[in-house]
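Just so you know, the protein sequences line up as chains A and B, in that order.
Here the first sequence is numbered in this note's numbering, starting from 36 and rising by one per residue.
Here the second sequence is numbered in this note's numbering, starting from 19 and rising by one per residue.
Just so you know, these hints were derived from the structure itself, not from any lab.
C-beta: ideal position from N, C-alpha, C; glycine also.
There's no promise every hint is true.
[Stated by the list, open to error] So the derived label-pair ranges between C-beta atoms look like this:
#, chain 1, residue 1, chain 2, residue 2, range
1, A, R108, B, M122, 27 to 35 Å
2, A, G75, B, T44, 30 to 38 Å
3, A, L46, B, D57, 20 to 28 Å
4, B, Q21, A, P74, 14 to 22 Å
5, B, E76, A, K48, 42 to 50 Å
6, B, S126, A, L130, 37 to 45 Å
7, A, L46, B, T85, 37 to 45 Å
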Amino acid sequence: KAGVTQTPRYLIKTRGQQVTLSCSPISGHRSVSWYQQTPGQGLQFLFEYFSETQRNKGNFPGRFSGRQFSNSRSEMNVSTLELGDSALYLCASSLDTVSGANVLTFGAGSRLTVL
Amino acid sequence: EDQVTQSPEALRLQEGESSSLNCSYTVSGLRGLFWYRQDPGKGPEFLFTLYSAGEEKEKERLKATLTKKESFLHITAPKPEDSATYLCAGASGYSTLTFGKGTMLLVSP
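Next comes chain A alone, as it looks inside the complex:
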C-alpha cells in the first residue's frame, strides 16, 4: 500500500517568489491536512481539506493557500515568499471518522529553503 507522496522533496526559492507543493494521499483517504515544521515553532497546523472543501484553517497569513481535487490529491501554495517561510511542509492524509480524531499518516515532507 503506497504511503503519502509529496513532491518536490526539496526546493530553493528566493524572496518574493511563489511555490506550489503537491500531495497524493493514501488511496481511499479523503481528508488531507498540511503542517509546517520549523526548529523554533515545531509542527503547526496550516489547513485541512475534505471532499474538496477546506474544513479547518490554522493561524497563518493569507499568502498560504491550498486546494483539494476530486481525486483527493491536494496542493498548497505560498505566495510572496519570505525568509521565515523556510520550513519542512508536511502533508498528512486520513480516513475520516464520524467521531473522535483522525489518525494522520504523514508524508516525508517538502523541504523549502527561501533565500
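Knowing the structure of chain A, use the given hints to seat chain B on it.
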C-alpha cells in the same frame, strides 16, 4: 489557546535504562491525545491515540498513559533503534492537531 508542552527537550539514555517522557496539554474539546515518532528526514510516524483519562496503550517497549492534564510515554529497556524525536499532539478537530515541540531521545549502546 490550545497548548502542548513536552519535557525534557532532549534525553540521553544508556541501552536498557528505562525512562518517561512527559506531555502536558491544554486543548479545548480534546478529541484525542496522539504520540508520534519522527526520524531525521522523515515525516512523523503514528504510535498511539488515547481518548480518555486512565487509558493506557502499549507497543513493544513503549507504553502511553493519559490523565486529565498530562500524558506520559514510558520507554522500558530502550534499544539504540528507539532513538528518535517523540512528538505529542492534542486533537481539537478531526485532523487539527496541536503539537508539542518534541523530546529528542538518544539511546547509546
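Checklist entry - Which of the listed hints are broken here? => result The structure conflicts with hint 2 only, although it agrees with all the remaining ones.
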